[in-house]
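Peer 1: Each chain, letter by letter, is given below.
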Amino acid sequence: MRTVIAFAIVAVPVPALAQHEGHGQPEGEKPVDHSAMDHSQMDHGAVAATSGGPVLQGLKLDIPKPPEAPPPAAAGSGPPRAADAIWGAEAMRESREALARENGGMTLFWVQGDRLELRSREGHDGFLWDIQGWYGGDIDKLWVKTEGEGEVNGPLEDAEVQALWSHAIGPWFDLQAGVRQDLTGPERTHAVIGVQGLAPYLFEVDAAAFVSNKGDITARIEAELDQRITQSLILQPRMELGLSAQDIPELGVGAGIDHFEAGLRLRYEFAPEFAPYVGIEQEWKLGDSANFARLEGEDPSVTSVVVGVRFWF
Amino acid sequence: MQVSINTTRRSLIKSAVAIGGLAAMPAWARGVSHGPIRQGFDEVSGRVIDLAVGEGPIAVAGRRGHAFAVNGSIPGPLVRLKEGEPVTLRVANRLAEDTSIHWHGLLVPFQFDGVPGVSFPGIKPGETFVYEMPALRQAGTYWWHSHSGLQEQAGHYGPLIVDPAGPDPVEADRDYVLMLSEFTPLHPHTIMAKLKKGEEYFNRQKTSWTDEYPLSGADRRMWAGMRMMPTDIADVTGSTYTYLANGHAPSDGLEYLFKPGERVRLRVINGSAMSFFNVRIPGVRMTVVQADGKNVRPVEVDEFQIGTAETYDIVVEPTGEAHTIVAEAMDRSGMAVATLASRPGARAPVPPLRDPVLLTMKDMGHGSMDHSGMDHAAMGHDMPMGEMDHGAMNMRDTSTLPADVKVGPGLDMVSAEPIDRMGDPGLGLDKIGHKVLTYNDLSALEPNDDSRSPSRSMEIHLTGNMERYMWSFDGKKFNAVADQPIRFAFNERVRVKLVNDTMMAHPIHLHGHFFELVNGADRMHQPQKHTVIVQPGGSATFDLTADEVGDWAFHCHLLYHMHAGMFQVVTVASPEGVA
Ligand SMILES: [Cu+2]
Numbered sequence: 209m210r211t212v213i214a215f216a217i218v219a220v221p222v223p224a225l226a227q228h229e230g231h232g233q234p235e236g237e238k239p240v241d242h243s244a245m246d247h248s249q250m251d252h253g254a255v256a257a258t259s260g261g262p263v264l265q266g267l268k269l270d271i272p273k274p275p276e277a278p279p280p281a282a283a284g285s286g287p288p289r290a291a292d293a294i295w296g297a298e299a300m301r302e303s304r305e306a307l308a309r310e311n312g313g314m315t316l317f318w319v320q321g322d323r324l325e326l327r328s329r330e331g332h333d334g335f336l337w338d339i340q341g342w343y344g345g346d347i348d349k350l351w352v353k354t355e356g357e358g359e360v361n362g363p364l365e366d367a368e369v370q371a372l373w374s375h376a377i378g379p380w381f382d383l384q385a386g387v388r389q390d391l392t393g394p395e396r397t398h399a400v401i402g403v404q405g406l407a408p409y410l411f412e413v414d415a416a417a418f419v420s421n422k423g424d425i426t427a428r429i430e431a432e433l434d435q436r437i438t439q440s441l442i443l444q445p446r447m448e449l450g451l452s453a454q455d456i457p458e459l460g461v462g463a464g465i466d467h468f469e470a471g472l473r474l475r476y477e478f479a480p481e482f483a484p485y486v487g488i489e490q491e492w493k494l495g496d497s498a499n500f501a502r503l504e505g506e507d508p509s510v511t512s513v514v515v516g517v518r519f520w521f
Numbered sequence: 038m039q040v041s042i043n044t045t046r047r048s049l050i051k052s053a054v055a056i057g058g059l060a061a062m063p064a065w066a067r068g069v070s071h072g073p074i075r076q077g078f079d080e081v082s083g084r085v086i087d088l089a090v091g092e093g094p095i096a097v098a099g100r101r102g103h104a105f106a107v108n109g110s111i112p113g114p115l116v117r118l119k120e121g122e123p124v125t126l127r128v129a130n131r132l133a134e135d136t137s138i139h140w141h142g143l144l145v146p147f148q149f150d151g152v153p154g155v156s157f158p159g160i161k162p163g164e165t166f167v168y169e170m171p172a173l174r175q176a177g178t179y180w181w182h183s184h185s186g187l188q189e190q191a192g193h194y195g196p197l198i199v200d201p202a203g204p205d206p207v208e209a210d211r212d213y214v215l216m217l218s219e220f221t222p223l224h225p226h227t228i229m230a231k232l233k234k235g236e237e238y239f240n241r242q243k244t245s246w247t248d249e250y251p252l253s254g255a256d257r258r259m260w261a262g263m264r265m266m267p268t269d270i271a272d273v274t275g276s277t278y279t280y281l282a283n284g285h286a287p288s289d290g291l292e293y294l295f296k297p298g299e300r301v302r303l304r305v306i307n308g309s310a311m312s313f314f315n316v317r318i319p320g321v322r323m324t325v326v327q328a329d330g331k332n333v334r335p336v337e338v339d340e341f342q343i344g345t346a347e348t349y350d351i352v353v354e355p356t357g358e359a360h361t362i363v364a365e366a367m368d369r370s371g372m373a374v375a376t377l378a379s380r381p382g383a384r385a386p387v388p389p390l391r392d393p394v395l396l397t398m399k400d401m402g403h404g405s406m407d408h409s410g411m412d413h414a415a416m417g418h419d420m421p422m423g424e425m426d427h428g429a430m431n432m433r434d435t436s437t438l439p440a441d442v443k444v445g446p447g448l449d450m451v452s453a454e455p456i457d458r459m460g461d462p463g464l465g466l467d468k469i470g471h472k473v474l475t476y477n478d479l480s481a482l483e484p485n486d487d488s489r490s491p492s493r494s495m496e497i498h499l500t501g502n503m504e505r506y507m508w509s510f511d512g513k514k515f516n517a518v519a520d521q522p523i524r525f526a527f528n529e530r531v532r533v534k535l536v537n538d539t540m541m542a543h544p545i546h547l548h549g550h551f552f553e554l555v556n557g558a559d560r561m562h563q564p565q566k567h568t569v570i571v572q573p574g575g576s577a578t579f580d581l582t583a584d585e586v587g588d589w590a591f592h593c594h595l596l597y598h599m600h601a602g603m604f605q606v607v608t609v610a611s612p613e614g615v616a
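From first to last, the protein sequence lines stand for chains A and B.
When you line the first sequence up against my numbering, it's residues 209 to 521, in that order.
When you line the second sequence up against my numbering, it's residues 38 to 616, in that order.
Since the hints were derived computationally from the structure, they do not count as laboratory data.
The model shown is predicted, which means the values in this text are computed figures rather than measured ones.
There may be inaccurate statements among the hints.
Claimed, not checked - To spell it out: a stretch of chain B is covered by chain A in this simulated footprint if at least three of its residues, at any positions, have a beta carbon under 8 Å from a beta carbon of chain A; those stretches are:
1) 257-271
2) 493-504
To be verified - Output of the computed footprint for chain A on chain B, the stretches with three or more beta carbons under 8 Å from beta carbons of chain A:
3) 237-251
4) 357-365
Here a beta-carbon is modelled for each residue, glycine too, at the ideal position from N, C-alpha and C.
Please model the entire structure based on the sequences and the hints provided.
Peer 2: What follows is the structure, given as structure tokens:
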């Protein structure tokens, strides 16, 4: 017996022609859909040519679309949970809660060291960290950020930590609010409000405004972009802009654009979670900030060669 | 080298029907021994079948991992049942955590469907759960798997065949199972966490300065402008997966023996957690005779794409000395391989992986854009992008959404013009140059049992956010709607349209039912399926007769999509109550 299938229903070409009429309105909705028709007719032809079989699909039936309606009353007549009637509500409770928790309700913990680097600038060796992490679900998270820098074998120049509540406000952005504590210099506590997320063209953006306990208003905008050279080699331009509403001489901050940084880092991802990099970073202090820097005997324009590692887990 | 089991011979391990005490039971049945896990599977059959879920170390192609296995093997045993007969399946849990078995595609009383939290409480460690199945109402190729946590990824799955009560309309000299799946040494929870935290973590085919994709600079800017990736074909890829055929890596050399001229039936089951496969046997035409366990009018093809959880039975008549069966992952990051061999050790060349696939305008929900160019070539990269006004292309126009779709952070895209895509062969197969199966090629062999027109229709949107790895129906993750199931009245006939507002293909599975694809076949021969792929940016439509009482899981069968929230409960209310 060499028949693949002993099928009772053989070619029924007539309905195919019947169906053909009016098939420009599949399900009676979208306007004429040439692409779908083209595909189906191609397939139709191909099948007919190759198998010679009775396949006649690709043409939508001319059935008027039934009304979209809520379920009939009878659909609500049963017990709210069918399994309770068999196994008992108490026996089902734990697995039912677990199912809801697992399928969509999970919480995670994430830490990323975006920049952990040594910086060499005109004979002075410094270091910098920029680490953030969160704990939470898809929408709400507790977000912690810390960054700072200093000189190797020297004092910390800047250090701060932020604790933020983060709430998803769209597909790509989170609104973040909380407090920032400065750990160096004249101690300051700030209220923070900001947004963080992925902008069009895949820029990672983090923008925040700060109001200190002295009433000073400042802001910071950071943006990074990953340019993939190969699957593992990535060039990352980065920029940071510091703004201030007023001069804050004790912090060396001037009104307007306080500072601007532009960096370029080339990293190699041994694994997506672990990527050492080398790069260059240029910082300019502007306006009154530049003056404050000069008074301190510092150069308002500093170029650093950096080497570091980016990691997450 | 491994020689596969010829499933027509039932000389292999059968279930311990008579319980002869512990001593009489094989090691796996006693459990806890935790020896190394075997690749490949035995067969169990009879009126009473014992299965034991255990765990242990496994090594696949030189890589080691920890796995969950049933009866000591991955895949677990082929469960061979008979139409018209009842069966008792006793499942012993030798794990330190809850487990379950769902009988994928079987029509059973809902309390034995095996979904913890929906149909039963689950199986506690040390407990044996007894599934009492009344006389089976179907025949065909199915499978089974855990519905607890992410155990399926760790090896807890196996094939299932129901032999027909009467003669089988498919005649074949050989009858083999080809179960496709994946192995990874990573813990499934690690994979889930990577997907949530590291966008496109497993993709090693991303666009870069040095890639060879046919994308212009304008194309690349367009994709970047949308914050989306044209290479986003598979979430988990060959960068961690070894693709398996009956538990065997390509290097293991799985063989199916035949004599030239024989008719070989291959029951292809996609038992993977996350992978679609493109299946072909270079040089051999395949006749598709069954889809999701239901016989279809035979269709001759050169290739077919099988979504996660689907099954296709094919018949081939090989003539050469050997033919390679290639199951290439949809993103082309790896393949599972087996050989049709006329003698042990015979081999045919293994074709290289084809070029990686790119998403197109159609996959972004702009289905009608390609009528300007009249064919697929007009989509995406072949189109002169400079002429297209990308600024005007709104990827997230929520005004077109029905009111019950929740618009929020969990929804990053809305298909502007979601066309019916059941005539599509699947991502990457539209210009392949030979005949690839589409849903529109399928029609039922036997007439369907319900000739009524649907009395209402409903639309369900498949929604997601790639960046946050959130997946849902109608913008609502399961944890938000666990108390608001989708309701049907008993015996109600409903036309359900699934609209995919994401750029990924989702295999959507409804438990306890078969639905009929509205694919242009005459109404009495619309093919019945339990799982339907909804292509990215497009739609798929089925007619459902809600004639199985109880609560049923309804979900994307991509394991991590389900786990991220693309899951719902379908309630079919009984006129008399459930008991
Ligand atoms: Cu999915």
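Peer 1: Now look at each hint and say whether the structure bears it out.
Peer 2: Going down the list of hints, with the structure as the test:
Using a Cβ-Cβ cut-off of 8 Å, 5 residues of the stretch 257-271 of chain B lie near chain A, which meets the minimum of three, so the contact claim holds. Check on the stretch 493-504 of chain B: 6 of its residues sit with their Cβ under 8 Å from a Cβ of chain A, so the three-residue criterion for coverage holds. Closer than 8 Å: that is the beta-carbon criterion, and the stretch 237-251 of chain B has 8 residues meeting it against chain A, so the requirement of 3 holds. Coverage of the stretch 357-365 of chain B by chain A is violated. Counting CB-CB distances below 8 Å, 0 residues qualify, and the rule asks for three or more.
Hint 4 from the list above is the single one not met by this structure.
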